[in-house]
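One line per chain: the protein sequences are A, B, C and D, in this order.
Quick note: the first sequence, position 397, residue 620 per the numbering used here, numbers continuous.
Quick note: the second sequence, position 91, residue 103 per the numbering used here, numbers continuous.
Quick note: the third sequence, position 440, residue 542 per the numbering used here, numbers continuous.
Quick note: the fourth sequence, position 259, residue 491 per the numbering used here, numbers continuous.
Fair warning: there could be bad hints in the mix.
Claimed, not checked - Straight-line distance between alpha carbons at most 20 angstroms, and here's what the computed SDA-like set of lysine to any residue pairs gives:
1. A:K533 / C:A525
2. B:K197 / C:T294
3. B:K197 / C:R213
4. C:K195 / C:E171
5. B:K197 / C:V518
6. C:K195 / C:R213
7. B:K197 / B:P244
8. A:K652 / C:C284
9. D:K366 / D:S394
It should be emphasised that the hints constitute simulated quantities derived from the structure, not laboratory data.
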Amino acid sequence: MAGELDLVARLLAYEGGRAVSIATHRLMAIRPDALVLCPLAMAGEDTTVHIVAVGAIGRPPEIYCVADPRVRDEQYELFAWLGARIERHFETCRRAGEYPQIWVSSGAVADHLDTLADRQRYNRENAAVKRFGELLSYQTERYPVDGQQALITATGALRMHWATGQQPGEDEHLGTLLAWIEPPRNTNILDAVALAERVPMGVKTDPEFDRDVLEPRVAAYNQARRGGARAVELRQRAGLIQQALEPVVRSIYDGTQRAIRILSRMGLPELPALRNLEERERDEFESFMASRDAGYHLPLVDKPRPAAFKLTAREDAADNFEAAVLCGDGVGRARARLAGHTVYGQVENPRRTRLSPHRFRYRFDLVSRQRVLRVRRRDELASLGDPRLRVTVANVHREGAVTRISAIITHGQQAVGLPASGTTLELAKTVPDWDRLIRTRKQLRQRLVATPWTHDEQGTAPAVTRARRPPRDPLAEVEALR
Amino acid sequence: MITARLARLRGSLLAEEPGARGLERVARNPGCQRLRALTMIGVTPATAMKTVYKEPDREGQSPFALAAGNRFERAVFENGAARLLELYRSAGRLTTAECKIVVVPELAPGATAATMARRRAETERLFQHKVRRDPRAPNIIVKARIPVALLGVPHDTEPDVLVAADSDAFYGPVEVKSYPDRAGKTNAADIRSACRQAAVAVIGLRHAVEQLRLGDPRQLVPAAADLVLRRPGSFRPTLRPMTLAGEVHSLERALDEAPRNLEELEALIDAITPGASLDEAEVLDAVPPNYVEACREHCALAPKCKQAAAACGDPVLIGSQAREELAAAGSLGRAVDLLRGRAQPRTAEERALQARLQQSLGEYRQAVGHGR
Amino acid sequence: MTARAAEPSPAALADEAVREILRTQWAGEPAVRLDSPPGAGKTRVVEYLAVQALARLGERCMVVTQTNEQAFDVGRRLAQGFPNLPFALFIRKDLVAPEDVTALPNLQLARADGDLPAGPCVVIANAWKWSWVVDGHVAPFDCQVIDEAYQLPDYRFHQIAGLATRVVLVGDPGQIAPVVTCEIERWKCDPTGPHVACPRALIERHAGVRRLTLPVSRRLVSDTVDFIQPAFYPELPFTALSAQGERGLRVRVGGAMPVDAAIDLAARGASLVEVELPGLITGEVDEQLADTVVTLIVRLLQRRAEVYDGDTERPIEAGMIGVVCAHVSQVNAIRERLPLELADVLVETADRFQGLERPVMLVHHPLSGRADASVFHLDAGRLCVMASRHRVVCFLVSRAGIEDLLLRYAPSGDRVLGLDEDAEFNGWHAHLTVARRLRERERVVRLARMTA
Amino acid sequence: MAQRPDRIRARLAASLEKQRELLDAFQGLLKDPEADAAAIDQAQRQLTRMAAEHTQLLTEWRLARAHVAEPSSPYAGLVGQRPMREQVLDILEELGVPASPRVISEIAVARYGRPLPASRFASLRRDEERAFRKDSLSRPAWVVPAITAQGLTAIPRIVSSSAWPVERRLIGARTLRANHLRTLLALLSMHERSQRAGSPRATSHLESMILGFAQTVPGAIEPGARPEYARIAEAARAELAHIEETDLEERRTAARRLERLPEPHRLWGQPAVIQGRRASGRRLG
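Chain A on its own, in the form it takes in the complex (with noise of 0.2 angstroms):
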């Protein structure tokens, strides 16, 4: 059953009052020197930041208000000062043939960076501006690619390494998420998550707080700033407006912070596959600063063939990250194997039969005991234990609780060899495959070199060359061929 194991996980944390364990290697990377960026937006402007924190892992933020958001240039300074940040980041990363990775606290602040991003960067007032929006661009559009590194949201890392005792929407609020992972003592669990609701975790204030604080301020500093007042009241105002939000954007930054803390204290060893998911991220980084050097856009919507193009590197990532999971994390392996994305039994009756003088067969037994299969008959699977031993399942047969799997090796006879009766062995359907996508992409550079009429809006069907005149019975005409 889907998930069967994420819900004994949660019922045991709901048991204890404080988060469980989900995984036994730590799935992302955390690089030593990604940005934590932390932005409030003003709520009803989707496009605006109102303040923004940002700063290195385990350093103090560095934060940059505007007294109203909605005024242009003021906004476009702020966006100006932050993107001055992420340029010196990138450039960094780039120098060093690494990556830029950013931390933000939830899927609420990455969606609008995303928002930002598809903005500004066609922004055509102020060249900084559009600057900012087009790096931010490398952050957003990576976003949605499964094991990319590029932007963690602090949530998406926690969940992928805790269960909760709450419900899965509820863990997208880092300050209920923390309260589970840390509980606080001699408080309820659910009183403490009560609590940490109410604080603003994501991109947006607390409408009370906008109610009763922020805008009596903000109307404030508008009406002396159309009254044409003085520069140091106006800076007094805006003083004062930086002072009610900074507390709260420093609040999400020290989430966040912690987020990361825990990930690290956590003590887990790197998921194998990390090495092969930072190289990819690497080259997509190198390859997206190439584009933006050579002057390249970069689309809101996309034509047939670089849909195809994104489509195609986005199924190849989302199959070589679950199946490294499954492959690498321990409890990744525990859900397929109850799932049964994987095959997990005793060999039994290993043999070698002759072919010819020089061909043989191998094959054994798999039986199982699992309540749960997907294997099928002409499935091709490959060993976990060793992805060079590559078999086609034969037959499967199941009587009662138990299934006998007959398979057929069809690689790695000589290098891995037959198993041995009455060793345990694990097969799965996929394994992580690193090289496919620059595989694929070559075919696809090559089968998409011209669009064909069918995908192509203003292309017209070939004009018909070469009508002939039918049989009277084209049916009976087949028939008669059989």
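Guided by the hints, dock chains B, C and D onto chain A, whose structure is given.
Showing chains B, C and D alone in chain A's frame:
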């Protein structure tokens, strides 16, 4: 008399005009008797939270969001709704000559009951023009006033815009929202609430067509509407036509069932304390809710219902999947006992559940490498 | 009655539809989309198109399937059906082909571009394999026939669309949509997006493409068509080939067990029967329901049920029975219970059952035992696949309360801006239509709590 | 915002007093073992809010003191200027069609360098009507509301001049659009004049207004190109030609009805009357 029955249930609470937003709420969670009860008596969950439970309502909108919404609406409607016209023209839905606009509140300014009655009358007059193919019939009606009946009690709604080309048989509703239109990335909850409010307008128009005997309501008013949203970071509108078969259907169903719901509610309350009303916390508590994950999105009472769910260890506390899978055990406490082997299964289903949970636990323990 | 006699018979209608499709190829129609209801002989049409191209038009024809198994199946059918014509199966270098396929004398196995025939030919391969063909290494094809085209997302069709001059997309619009495993937020609003089923995207881009339909289901009997067509194919009217009462179930032995009532109902001519257990929320795995499914199969055999089809009559054997479930765990729960002598009963998920049929089907109702519906379980395509695999009779096994569940259901209302489609509502509506019709036509057999 | 320092101090003192009360109550709650967690929470929130209020009042006080010390405040009122009603009438005269307070206010920015606060239009209208009823001949022209062609009632959100012929003050179904186009044409000629007069600030303000108006006129602006004023005028005239006649006809018909009304109603619109049997609208129950 229905109004008297409703007033009795309301007790000391004041009836509020629900508007489209309140009316669409009845279809959000058809399994929740508490929400249905409040909607029927004309009290919002937010008010119930404040006045019945005396807890601060944390819903509410930020003044900034309100201001942004107003600015967007102004941008769409100012200068003779120029931007709206432009939107429909470039979509090929209206021609240059089709620029007849009527702003209903301008025909009857003010906020008195008499004014509102006049707005309704003006709206009806315009509808009659349209059906008679009168060339004076406007192409755009701003803030028409249309009653929608819930339990036979009419509640006025004001669809932002009604639109029709001269050749169209009747008007279709337009919902103007300042939500950013980000194509496939648009916030799902935003689309949801815009579509559902537009569905209220469809139902209102159908009611009007029926009452005025203008023709076949379903034919004149198909289940469809236009959403006018906002291009991110600007005040320029976007036009998104939507079909609303599902939204209209679920709303109609909820409205149709209201009379039966009212009887059930009265029977339920009489069984607790005859003559009691919903302004008492204990009475409202006794009306069963149906707490699900989606409640937080639309109901101010969600925190209250969550507390109640926590008190009885409702599996929904840890998610919808648990609600399905742990149903045999009934509560989280029982499920934990089964998992830990502290309880003997009482039924075949519990036995099966215990076996599955324990198998998963075994795999989990083996994976994390210690005996939790 | 005289007016009736003038109407063509379903068989004549079916044949005329096939002729029309075959004629499009003589006319050189650049693209044809052929929509087919369940069991209308899609794969037969694919065969006809291929054979006509090779033997009558003297053309190069490529046949596109979705999976290797489907490619083997089409290869098998062509080579056996037309033993005097040569065919080629184009497969991956290291793929092990089934022995019965490799043994076919007129079916050549090609593993590299260079192995493909140069002149007129029929080459069968799955879409993935076709997408690796290198331009210039293979002579261009005249005609491309895609089977199960609604399973092929547009971005994968894009990769092979240019391999032939003409294309015919054959598929069933009512089945489960293609699965894309990754995020698609970028393209969601686009009716020609890369994730969209290719026949739909093609029509969106080129509204003028010729559209044809198959109007007759060979598999389903008219009693079933009455349920399936209005619920799942409101825009694709079709009838049944077999006349009323021509096909059915007969039992030789009486029975008095609770499930026997369902078998008796089927024997009286009901092609869809719901077997309803008492209401209970069980989660995904419902052991009692699995027991009931197995009991029903056992009783069919014990009571020596036979299926008749026109003049032929056959006693039911295990291999003639299929069981379809929504989840793999349910499949396993049933397989676990099947005694050895029933090993030939095919138990599979709906996804895997697409394109297959059995005389007798048992369906684990996707909404059975649930506290609430969900988009997955409401999927119209899934229920449609499940309730349209049988030639003779289908037993839907469920828990009581499905209609209530549907009426209580709060739709998530997740809509896509600018797209008319509302898959959630369509599914909900289809489910309700089927449930209501079953009740109204007294097709529900209620079982008391059993002790299995 | 600029208030007198003593008044701010009084507010601050009152606020502190309230805070003290709250603190006492809070203490009581903390001692009470029966106290509700929600109540404690609520008290805590109120205290936080008060603290925020104090910060703000203190800043206000500091700023106010600075103002007192320096009387040459930049907050110049409208003293010494022409009365608002006259400015409005002037602008209406230039536009030639009824307009919303927002548009009039924007034009005032171009003409006088400062906006006419939209919030003051309502009181202006009330003053005008009062003065008219006192002595209808006291002024040559009044700022009056536009009037609906349908019901001959006032549209307070659209302003016009009593000096105009009746039909020009009426709003029919197409008039909103026609007036949008006429306003655009008027803006174009104002722009031309201000260019000739060499007033760059007014010119640029008018340019941005013209752009806003022209955006919704088909063919007025070529996407991506610099706006051409001749082209805009041409497009506006072309669209106007489409609807002008029917619009005028509708207004003239209404004008004949309006002219039959007593004078106050001719200027201020007839009172809203509930028509017909459907007025109650409560038939669904």
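Status of the hints after comparison with the structure:
1. A:K533 / C:A525: violated (25 angstroms)
2. B:K197 / C:T294: holds (17 angstroms)
3. B:K197 / C:R213: violated (43 angstroms)
4. C:K195 / C:E171: holds (16 angstroms)
5. B:K197 / C:V518: Holds. K197 (chain B) to V518 (chain C) sits at ~9 angstroms (cutoff 20 angstroms).
6. C:K195 / C:R213: holds (5 angstroms)
7. B:K197 / B:P244: holds (11 angstroms)
8. A:K652 / C:C284: Distance ~18 angstroms between K652 (chain A) and C284 (chain C) Cα, so the pair holds.
9. D:K366 / D:S394: Holds: K366 (chain D) and S394 (chain D) sit about 16 angstroms apart, inside 20 angstroms.
Checked against the numbered hints above, the structure breaks hints 1, 3 and satisfies the rest.
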